[in-house]
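**Student:** Sequence:
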Amino acid sequence: MELEPHFISLSTKFLFINYGGQFSDYRNELNTLLNELNSLDYKNQQITDVKAPIRLIESFVNIPTAEDTLIVKACCLIKTLVNRQKITLPANVAVGQISWLLKCLDRCFYQVVCEVLGTVQLLLRHCGEHVGVFAGVLVADGDGVLVRLLGDPDYKRVERGSGNCEWSSSGEIYLAAMTCLEAMLEACEDGALLEKQLPLVGDAILGLAFRVKPDVLPEASFYSLVVSAFNCLRLVAVQQEEWLGENLGQLLGLAKAYMMYGIPGINQLSPGKVMVSQQGVPEPQHIPMNKGGKVPKTRKTRTPAKAGKGGRNEAKRPTGSTWDEHSRQPYSEHSLVLEPAPVANYNSSNAYRTSDSDFSESESSRVQIDRQKLSKLRLSALTLISSITQNVEKRIMFGYWHALFPDESRTPATVSLLNCVLKDPSPKCRIAAIQATSFMLYKSKPFLIQAESSKKPPTSFTPFSIALGNIVHEMYDMMTQALADESDLSVLTQILKCLTVFIQATPFHRLRTGIVTKFVRFVRILTRHKDPTIKVGALMVMGFLISVNEITPEISAVVGIPRTEIINKSNETRKKNTAEALAVQFNDEEEEYVPSDDEPEVPSTEDVDCASADDHPTTKVCWLLQIALEYLGVTVSAKHHIQGPCSVMPVRMECLQVLSAMTSHYSLLVGQLPLVAEALRASFRDAIPEIKLYAGRVLDLLGHSINTSLLLRVTVDPDELTNSVAFWTAMLPTVTEQIQDMQQNAALRAICCDALGNLGVHVFEKLPRKSQLALVSLLTGCTFDEDSGVGSAAVRALSVYILFPSLRGDLCYVENTVEAILRILRDPNVAARVKASWSLGNITDALVLNGGGDSVERVEDDLLRRVFEAAIVAAGDNDKVRCNSVRTIGNVLRMIREDQLTKSAWVELCQKSIDKLVQNILSSNNVKVKWNACFAAGNLMRNDLMFSAESHRIDWQRQIFPALCQIVINSNNFKVRINSAAALAVVDNRAHYATHFVPIWTALLKALEQSDNLIDYNEYKHRDNLQEQLCLSLSHFLRLANRDDLPAMGQELLPLVDAVRANWDRVLNRILPEKSAQLIEANVRLREMQPLLKSAEAKTAAEMILNCFRQ
1 MELEPHFISL STKFLFINYG GQFSDYRNEL NTLLNELNSL DYKNQQITDV KAPIRLIESF
61 VNIPTAEDTL IVKACCLIKT LVNRQKITLP ANVAVGQISW LLKCLDRCFY QVVCEVLGTV
121 QLLLRHCGEH VGVFAGVLVA DGDGVLVRLL GDPDYKRVER GSGNCEWSSS GEIYLAAMTC
181 LEAMLEACED GALLEKQLPL VGDAILGLAF RVKPDVLPEA SFYSLVVSAF NCLRLVAVQQ
241 EEWLGENLGQ LLGLAKAYMM YGIPGINQLS PGKVMVSQQG VPEPQHIPMN KGGKVPKTRK
301 TRTPAKAGKG GRNEAKRPTG STWDEHSRQP YSEHSLVLEP APVANYNSSN AYRTSDSDFS
361 ESESSRVQID RQKLSKLRLS ALTLISSITQ NVEKRIMFGY WHALFPDESR TPATVSLLNC
421 VLKDPSPKCR IAAIQATSFM LYKSKPFLIQ AESSKKPPTS FTPFSIALGN IVHEMYDMMT
481 QALADESDLS VLTQILKCLT VFIQATPFHR LRTGIVTKFV RFVRILTRHK DPTIKVGALM
541 VMGFLISVNE ITPEISAVVG IPRTEIINKS NETRKKNTAE ALAVQFNDEE EEYVPSDDEP
601 EVPSTEDVDC ASADDHPTTK VCWLLQIALE YLGVTVSAKH HIQGPCSVMP VRMECLQVLS
661 AMTSHYSLLV GQLPLVAEAL RASFRDAIPE IKLYAGRVLD LLGHSINTSL LLRVTVDPDE
721 LTNSVAFWTA MLPTVTEQIQ DMQQNAALRA ICCDALGNLG VHVFEKLPRK SQLALVSLLT
781 GCTFDEDSGV GSAAVRALSV YILFPSLRGD LCYVENTVEA ILRILRDPNV AARVKASWSL
841 GNITDALVLN GGGDSVERVE DDLLRRVFEA AIVAAGDNDK VRCNSVRTIG NVLRMIREDQ
901 LTKSAWVELC QKSIDKLVQN ILSSNNVKVK WNACFAAGNL MRNDLMFSAE SHRIDWQRQI
961 FPALCQIVIN SNNFKVRINS AAALAVVDNR AHYATHFVPI WTALLKALEQ SDNLIDYNEY
1021 KHRDNLQEQL CLSLSHFLRL ANRDDLPAMG QELLPLVDAV RANWDRVLNR ILPEKSAQLI
1081 EANVRLREMQ PLLKSAEAKT AAEMILNCFR Q
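Note that the sequence shown covers residues 1 to 1111 in the UniProt record's numbering.
Take these hints with a grain of salt, some might be off.
To be verified - DMTMM-like, lysine to aspartate or glutamate: derived pairs with alpha carbons at most 20 Å apart:
id, residue 1, residue 2
1, K213, D154
2, K1075, D1024
3, K445, E869
4, K928, E1019
5, K43, E129
6, K975, D1016
7, K213, E241
8, K1006, E1019
9, K394, E241
10, K1099, D1044
11, K1094, D1024
12, K43, D68
13, K13, D41
14, K903, D861
15, K1021, E393
16, K903, D944
17, K79, E67
18, K86, E2
19, K79, D68
20, K103, D41
21, K273, E219
22, K196, E129
23, K443, E393
24, K1006, E1052
FYI, nobody ran anything at the bench for these hints, they're computed from the structure.
Kindly generate the complete structure, drawing on both the sequences and the hints.
**Tutor:** In structure tokens, the structure reads:
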């Protein structure tokens, strides 16, 4: 019989009878109709006319609330129609039905409670915004039916005197109340409707979860109850952070008890509170993210998106040059994007439910159903742990690591997250466990930095750092075992992701060797896996590994980084300032590099070598580079050739990310530049825009590494220079083509301009003159590009070229570049203005370093004035613009000429610039702005004209000196104090200090006395440098002091003498010999002055000063 006609016939009869006459006359007939309606085959047929079921359900409210039998059958029919027929009820119908059911519950409670609550939980999902109407009845403080049932399922029996009615057991009531409460919480997931009730709800659920025993319910029902409880606790914990913090130990203890429940051979735990680590939770340590120089920029953390095919969340890339610069670094903590895997987002309200017929199936099916229920129980516990880790502060969560991660005492039966990854038969549970581990490890570097391995035999007391190191070792061992054993690709992908999170947080240099070698052995195999997602994950692991701050010998060995590589060279590069770049000279008779027509394009050798940064020893190409090049289409063989892209897009993209990371280890690439050039050219020919973008970024970083390597050498290696020029000669046509193609992504063209800015003085000067002019013409044209990203990148490159010998004397080039910068500095795009302000600072640096030569004198007065005006305006802009603009102000003030100080317009500009400097020294919250402003003030004082009679119209000393004195004492940032102390000691003439001499002396004394007071422990690493600079500045004042100054100087020193003497002695004992001469010279100068002193006050002061600042 067809379902629909029969259903409509029966429902029509029901409606006709239910809406008319005396109910008592038709009770039996309604009962019969409900029986027939419930007996229809809803499983295999569909009702197309959805209005008929809705009208039928709507009529149930006419059933008297005392008719328990009819109520139960009506509830059964509602659940069948909604679940099996997928009927969507209008909100008003659902609200009406819930109101009627709650009245029924009040009239005949225990006869209908389980069926009514089961139906209510279903209807709540159809109420929409009207759910809050029932919050008072269901979960209100003290009177909420659901909360009271969880606390005592028999509370109504006492009230109604119905103790003999055994319609529902306690266990069944628990399950019905819990599932109804779960639906209520899911319907109010934003938390606003139940905000006040949530802590009470959470306490009730937590109390039941600890109290309930498996024997109160059938096994399957018990699993359903606990799963529902875990889901409710997750919803409460996410919305109530304060409640979560108060009950964190209980929640973790409950989840731990069930996260490996039912796995053979595992210790079965009873729920119990997990106590915070008895060793205490140490304060997180400051981790410097980089050590200066050009590093791959940090990719902005993306919002959760669906996982892409490549195993990484493929957020949509902008197509223009607004492509976030922070998206360029492939391997950093900020590039990690963690989100729950789709398997964890199951619908818990239906996932663990089965039909009544399920229990009549064969025994094997029953076992399978029980196994599925157990896995869902474990999954819900693991999902709760994941939610907790995402909503609890890392410092607090770290105190509970001991309960979830193993130490050296682990056994195969130990309950831990990683043992779940190894033992759980369900892939979904293994994924949830590894993701919970990832969330706990994410941003844990400040805590794990304390982990270390002990070289001593075990003792009765194990320090916290050693215990933490043992946990880290065990975790790596278990992850390595998981890599070796796992066959499910989805789980394997998550393990690789977790490993990337763990690597960036691990202090390998403090742990014993062996960790890396073990897991790299398996990761290396996975880089050649047939599945592209696994390839991407394995390449990511290796990318993170070679990007760690402290490269250990073990990492060098497994990757193939030559041990002779210059480590942490970026600090040295930064010290090699633009003055040294200006000093690079080339012999005019030296031939330019011109590739010969018959010169082989690529060296033909079977053993493709990579060389160290020092002596280029011949070694085999590193295996990771070989894999990356092969996936990019370059075969490393006797005669390598381009075979076109041989891998899917995500793999190619990850290979380019790996190459970006390798640029920080230039020794891996220095011998393979021809191969890398071929790979990059192939990538630039790729049809996918993202591949081109990443290729451009690799070129940008590699260009910087090439330039850095050449600059660091006292004597440039001719072979290295030749190879570098050959690399750029091969790449320039491709890069030029990308920039000139107006159809290309603007972001790509901007990155290519950035890459040209890293060409470097050595390579540029070796290029043919026509190539140099072509580059300048190309970049100059790009400054007029309608895209501000391209224009700003071009002016940045041009401002770098201004330091090169062949261009720095070209006045036309200088003025054209300045004009372009001034134009872009007015752009509404902040990123463009940042680059333009940096470029303007760079050009004025170059003009200053030319030292008053012809180029400075010949720069038009009007142009220099406009530079000054633009810098003053920009000094009130965004922090990143200001930090460069104050540098420009300092440079222009240093270049001010005597004839300019006679003009009112220049005097007015000078006064405005002084005001801006003082404002940025005192008011800015950005420390980089502050220390650049201090440096600019020092530059101002290097211009002797600022102390001449012509400058009397500029009231700068009364502003600058007090501002520097204030900041040298009070700034929380020690680098700012260092720069201000250095600026105060720039003046070489005592008369120039005038009446400010003693106040500055006093400020320096107070600054030295307070240098041991650390407000921020992260400043400790700068304390020695600060004290050294303060002593050097004080010695400068001692050398300049005259006899009349000594009494006042001694008077200011007297209350601080002990602290100042102690710090002076400490600096004197550790300072470099070349700097100690300044300290000794001050003492000698004072001793020479001592016999000339006449007043007793001056003699006493001199004696005290000599005793304090002794040799």
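**Student:** Against this structure, judge whether each hint is valid.
**Tutor:** Checked hints:
Taking the CA atoms of K213 and D154, the gap is about 17 Å. The hint holds against a cut of 20 Å. Annotation: proposed proximity of K1075 to D1024 holds, straight-line Cα distance about 14 Å (limit 20 Å). Between K445 and E869, the direct Cα distance comes to roughly 45 Å. Violation of the 20 Å bound is thereby established for this hinted pair. Note on K928 and E1019: the hinted pairing holds, with a Cα-Cα distance of about 15 Å set against a maximum of 20 Å.
Distance hint between K43 and E129 is unfulfilled; the C-alpha atoms sit about 31 Å from each other, more than 20 Å. Only pairs whose Cα atoms come within 20 Å are accepted, and K975 paired with D1016 is accepted, the gap being roughly 13 Å. Annotation: proposed proximity of K213 to E241 is violated, straight-line Cα distance about 28 Å (limit 20 Å). Between K1006 and E1019, the direct Cα distance comes to roughly 18 Å. Compliance with the 20 Å bound is thereby established for this hinted pair.
Between the alpha carbons of K394 and E241 the distance comes to roughly 14 Å, so the proposed pair stays at or under 20 Å and holds. For the proposed pair K1099 and D1044, the alpha carbon gap of about 11 Å is at most 20 Å, so the pair holds. Taken as a hint, the K1094 and D1024 pair is broken in the structure, with Cα atoms around 38 Å apart against an allowance of 20 Å. With a CA separation close to 26 Å, the supplied pair K43 and D68 exceeds the 20 Å bound.
Proximity of K13 to D41 is assessed by CA-CA distance (about 19 Å); at most 20 Å being required, the pair is judged to hold. Taking the CA atoms of K903 and D861, the gap is near 12 Å; set against the 20 Å cutoff, the hint holds. Note on K1021 and E393: the hinted pairing is violated, with a Cα-Cα distance of about 26 Å set against a maximum of 20 Å. Taken as a hint, the K903 and D944 pair is honoured in the structure, with Cα atoms around 18 Å apart against an allowance of 20 Å.
For the hint linking K79 to E67, the alpha-carbon distance of about 18 Å falls within 20 Å, and the restraint holds. Distance hint between K86 and E2 is fulfilled; the C-alpha atoms sit about 18 Å from each other, no more than 20 Å. A distance of roughly 17 Å separates the Cα atoms of K79 and D68; the hinted pair therefore holds under the 20 Å criterion. The suggested pairing of K103 with D41 is violated, with an alpha-carbon distance near 30 Å, which exceeds 20 Å.
Of the pairs offered as hints, the one joining K273 and E219 is violated, with about 24 Å between alpha carbons and a cut-off of 20 Å exceeded. Using a Cα cut-off of 20 Å, the hinted pair K196 and E129 holds, with the two alpha carbons roughly 18 Å apart. This hinted pair checks out: K443 and E393 have alpha carbons roughly 11 Å apart, not beyond 20 Å. For the hint pairing K1006 with E1052, the CA-to-CA distance comes to about 9 Å; that is within 20 Å, so the pair holds.
Hints 3, 5, 7, 11, 12, 15, 20 and 21, counting from the list given before, are not met by this structure.
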